[in-house]
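S.K.: Please model the complete structure; the sequences and the hints are all you need to start from.
These protein sequence lines map, in sequence, to chains L and Y. FYI, the numbering for the first sequence is 4 to 395, going by the numbering used here. FYI, the numbering for the second sequence is 1022 to 1353, going by the numbering used here.
Treat the hints with caution; some may be incorrect.
[Claimed, not checked] Covered stretches of chain L (in silico footprint by chain Y; criterion: 3 or more residues with CB under 8 Å from a CB of chain Y, positions within the stretch not fixed): (1) 323-331; (2) 334-347; (3) 350-361.
[As the list claims (entries may be wrong)] Covered stretches of chain Y, as calculated for chain L (at least 3 residues, CB under 8 Å): (4) 1029-1039; (5) 1164-1170; (6) 1175-1183; (7) 1283-1295; (8) 1305-1316; (9) 1321-1334.
Think of the hints as simulated: they come from the structure by calculation, not from any bench. Treat the numbers as computed from the prediction; the structure is a model and nothing was measured. Beta carbons are placed, not taken as given, at the ideal position from N, Cα and C, and that holds for glycine.
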Amino acid sequence: MNDKEMSAGKMSNGHFVSQDPFNPHSIETLTPAQEKFYMASQWKLMWWKLKRHRLAVICGVILALNYATIMFSEVIAPYNLHSRNSDYIYSPPQSVHLFHQGEFIGPFVYGRDFELDMEILKRNYPERLDDVQPLRFFCSGDSYRFWGLFEASFHLICPPENGTFFLLGTDRLGRDMFSRITYGARISLTIGLVGIIISFTFGIIIGGLAGYYGGWVDASVQRLIEVIRSFPELPLWMALSAVLPVNWSPILIFFGITVILALLDWTGLARAVRSKLLSLREEDYCAAAELMGAKPGRIIGRHLLPGFMSHLIASATLSIPAMILGETALSFLGLGLRPPVTSWGVLLNEAQNINVVALYPWLLYPVVPVILVILTFNFFGDGLRDAADPYK
Amino acid sequence: MLHYLVRRLLTMIPTLLVISMLVFVIIQLPPGDYLESHIAELQSQGEAVDEQKIQFLREQYGLDKPMLHQYWFWLTGMLQGDFGYSFEYDLPVTEVVGDRLFLTVIVSIATIVFTWVMAFPIGIYSATHQYSWGDYGLSTLGFLGLATPNFLLALVMLYLANVYFGTSIGGLMEPEYIDAPWSIDKMLSILEHLWIPVVVIGTSGTAGMIRRLRANLLDELQKQYVTTGRAKGLPPGKLLRKYPLRIALNFFVADIGNLLPTVISGAEIVAVVMSLPMTGPILLSALQSQDMYLAGSFLMFLALLTVFGVLVSDIALALLDPRIRLGGTAGK
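M.R.: Here's what the structure looks like:
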């Protein structure tokens, strides 16, 4: 083999070998789009992936809107939570009309009379078809204390002057169902969030200890979780909430119920944390941290948890609906929240008697937001869970 | 197999012990003991208090003894079939519970059978026709079923039956059988009425199981042995029946453990809504009046029901699946 042949890159056995210095980037150059993708942080990737899941995005928007309304319940509800219209007990929903005798008037309702059907003792409210009562918008109506801070009386929609506007009817005290559902959202939606924060904390601490230490800590935690999971949830919730003292204030009861809901809910999260930790603590970076003298709390919190936080958040989202349902069921049975605190479950408590419901079916309306919120949470949580693993 | 069975039975003991402790703590949580509140209630109604009976009950259940002692009393009493005394009904708990527990068991079993019968074909269809219109439709239905709490479904169904048929669909049997002794006719009457609560309770469980079965079967269908089978020309139906379906069956049995607590929870609340003669209404009223022995025994019964249900499913699974059976004898 002589020099001339070498410089041409030809080996004696006939193979071609390039003499150029090896440049790994020459094999594949990244397009700007690819580069953006590879350089993006995990959260950014999750966001991109979530955005592609159209159903989850829609559900997320609906949820966000729902949560936005609870900030302004007082403004959105035409009536106050407790304002009674004793002339309109069990009034059916009033429909909103736009045209009166072929003439466009804008949103209005008809005035109504009251009569009692003596045969079945049902209250009837026939409409007076000549009495047009236009609705008022951006107006001043029932006064309220906004967030309990200052007096105000601004509403988005108000009943007509000297008239009524019951979009979803009224209950046995003549309270407007629509307003009560709007206010009820405040309690029903927050109880899930507060509950999940408590159960999240439990889950991470207990699961973290079990997963990091292993051994007997792990074994006993596993046993405990098995026992809790083998128990039918609802009867246990019922028993625990029946134990709350009768003389507690409604606010204390609210927190009591939240803690009770969380007490049975942390097991799923704890399991997830444990199994992840068990596999992650064998990783090299964990051993490195340990060798450098990091304490278990720091290793778990600083190095291990961030690795699967996205998963945890996604699964937490999926367990919020269960809590909302739990609260609804308990309040429905009369074991949960107590008036004057009003949630959807408390509203449904009035629908327990089927004979009343048969006469006044609009008492069942709180069912609709419950199902809607649970459904959207499920879809949104599903989308989040898919997005939580953006490298897949 | 025997090894596995013994081991499985032994692990049940600590579980039941912990459950009994939990239940006992719940019984003890309300301030004062039941007799005190019972006496106060009687006195407030101006009724005479039978000192002798109170004294007898106090001694019988060791209410004047320390906590641990009471627990021991309660536990050993249960082992001998004495579940305590209901102060509201003035009867031993076993007599109050009797038939109601039996009916709860019947409804739970029927619900699980219903769940299987519904979930199996739908799950298979969804998995084999992934992303078809049928799959989407069924998935949406399933989601709706999952999201609809069963007590709300019960309410809505009660309302609809009331409006369209003018009848109440509450109750588990014709009125004439309610206090009658058990007979063939009574059983038939129960069977006739059973389907409504079963459908109501089973809906969310069915929806959940369809989703799990679909996911499981989809995993299985992507495995290499399926591809191999297909490549060798096995007809699709036979291929499905012969392997992936059988593996999915295992999961069906194993899922009882998941299903049972939900079913029993659902049965409780649906029974309250539809006023069925099951444990739910009594448990609720016992909790509301803080008749804690009765409530505690109910909780204990329900937990026992779940634990035994899971035991049965584990044994069935061991019979079905040699991996579990042999894993039990070989040890870890």
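S.K.: Does each hint fit the structure? Answer for all of them.
M.R.: Hints, verified against the model:
no. : hint      : result
1   : 323-331   : holds (count 3)
2   : 334-347   : holds (count 4)
3   : 350-361   : holds (count 6)
4   : 1029-1039 : holds (count 3)
5   : 1164-1170 : holds (count 6)
6   : 1175-1183 : holds (count 5)
7   : 1283-1295 : holds (count 8)
8   : 1305-1316 : holds (count 5)
9   : 1321-1334 : holds (count 5)
Violated hints for the displayed structure: none, as all numbered hints are satisfied.
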